[in-house]
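Chains as they are written, first to last, in the numbering used here: chain Y, 1 to 112; chain L, 1001 to 1090.
To be clear, the hints were calculated from the coordinates, so they are not data collected in a lab. Incorrect hints may appear among the rest.
[What the hints assert, rightly or not] Over 12 Å on every C-beta distance to chain L, these chain Y residues come out as not near it, computed from the model:
(1) K11
(2) E59
(3) G80
[To be verified] Across the chosen pairs, the derived CB separations fall in these ranges:
(4) L:E1088 with Y:P58: 32 to 42 Å
(5) Y:G33 with L:P1090: 38 to 48 Å
(6) L:G1075 with Y:E110: 25 to 35 Å
(7) L:E1088 with Y:M45: 16 to 26 Å
(8) L:G1075 with Y:G33: 12 to 22 Å
(9) L:G1075 with Y:E91: 18 to 28 Å
(10) Y:E99 with L:E1025: 23 to 33 Å
(11) L:A1050 with Y:T2: 40 to 50 Å
(12) Y:E91 with L:L1020: 17 to 27 Å
(13) Y:E59 with L:A1059: 24 to 34 Å
(14) L:R1062 with Y:Q31: 20 to 30 Å
Since the model is a prediction, treat every value here as computed from it, not as a measurement. Each residue gets a CB set at the ideal place from its N, CA and C atoms; glycine is no exception.
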Amino acid sequence: MTDSPTVERIKQHVSGNDVMLFMKGTPVFPQCGFSAAVVQILNHMGVKFGSTDVLVDPEIRQGVKEFSNWPTVPQLYVKGEFVGGCDILREMFETGELEEFFNQAGIEREAV
Amino acid sequence: MKRLERIRLALDEALSPVELEVIDESHLHAGHSGAREGGETHYRVVVISAAFVEKSRVARERLVHALLAEEFASGLHALSIKARAPNEQP
Chain Y
1 MTDSPTVERI
11 KQHVSGNDVM
21 LFMKGTPVFP
31 QCGFSAAVVQ
41 ILNHMGVKFG
51 STDVLVDPEI
61 RQGVKEFSNW
71 PTVPQLYVKG
81 EFVGGCDILR
91 EMFETGELEE
101 FFNQAGIERE
111 AV
Chain L
1001 MKRLERIRLA
1011 LDEALSPVEL
1021 EVIDESHLHA
1031 GHSGAREGGE
1041 THYRVVVISA
1051 AFVEKSRVAR
1061 ERLVHALLAE
1071 EFASGLHALS
1081 IKARAPNEQP
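Please model the entire structure based on the sequences and the hints provided.
Written as structure tokens, this is what we have:
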């Protein structure tokens, strides 16, 4: 079975960025509070990430929900693996797990 | 039955929670993407259940999502989930 063009595009995003965020809006102008919260966490930790605005791409918006069997956006992927949405990232950040997770995944971070 | 009650019922039946709180936050998102006339789009749940023991965060949320698949298919737009096992600290 071959992947649909949408799945191919999602895979390219995910494999092309060690840290990839599917979100609503852009990191500079998030269009949703949950997306904004994830951007804020990543920026705070100095993590560089790629992002796609699902609001301007309806196929990706629908496709990414099916891709990870996860019904909502934002969605964060690290080294190809789905990590979670806003709640999970927020909890992981608050407990310090996210810090450890990025370190173990070998994600480069800038001093902030 | 309103969506709030359906969510509550579905989680209550499937997870036998020791604590379950379902909050409609749709009014906080009025006018945003995903908000609809009449609300019933944005919810927050806090659920403490033995069903979450030994499960990862992603697995816990997937379990809740699966139980509410019909709601997501019918306009539920955002669901903030706090899912804990009974022996875990808040």
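- Query: Do the beta carbons of G1075 of chain L and E91 of chain Y sit within 18 to 28 Å of each other?
  - Reply: 26 Å, holds
- Item | Distance restraint hint 20 to 30 Å, applied to the beta-carbon atoms of R1062 of chain L and Q31 of chain Y | 25 Å, holds
- Can you let me know if the beta-carbon spacing of E99 of chain Y and E1025 of chain L is within 23 to 33 Å? Holds: the Cβ-Cβ distance is about 29 Å, inside 23 to 33 Å.
- Closest CB-CB distance from K11 of chain Y to chain L, is it above 12 Å? 19 Å, holds
- Distance restraint hint 17 to 27 Å, applied to the beta-carbon atoms of E91 of chain Y and L1020 of chain L: 19 Å, holds
- Task: Using the Cβ atoms, figure out if A1050 of chain L sits within 40 to 50 Å of T2 of chain Y.
- Result: At 42 Å between Cβs, range holds.
- Message: Given a hint of 12 to 22 Å, does the C-beta separation of G1075 of chain L and G33 of chain Y actually sit inside it?
- Response: 19 Å, holds
- Item | Hint check for M45 of chain Y and E1088 of chain L - Cβ pair distance inside 16 to 26 Å | Roughly 24 Å apart at Cβ, these two residues keep to the hinted range, so it holds.
- Item | CB-CB spacing for P58 of chain Y and E1088 of chain L relative to the 32 to 42 Å hint | 38 Å, holds
- Per the stated criterion, does the least C-beta distance between E59 of chain Y and chain L lie above 12 Å, as a non-interface residue requires? 17 Å, holds
- Whether the CB-CB distance between G33 of chain Y and P1090 of chain L falls inside 38 to 48 Å: Given range 38 to 48 Å: violated, Cβ gap about 22 Å.
- Message: Just want to verify: G80 of chain Y was marked as not at the interface with chain L; is every Cβ pair farther apart than 12 Å?
- Response: 15 Å, holds
Checked against the numbered hints listed earlier, the structure breaks hints 5 and 6; every other hint is satisfied.
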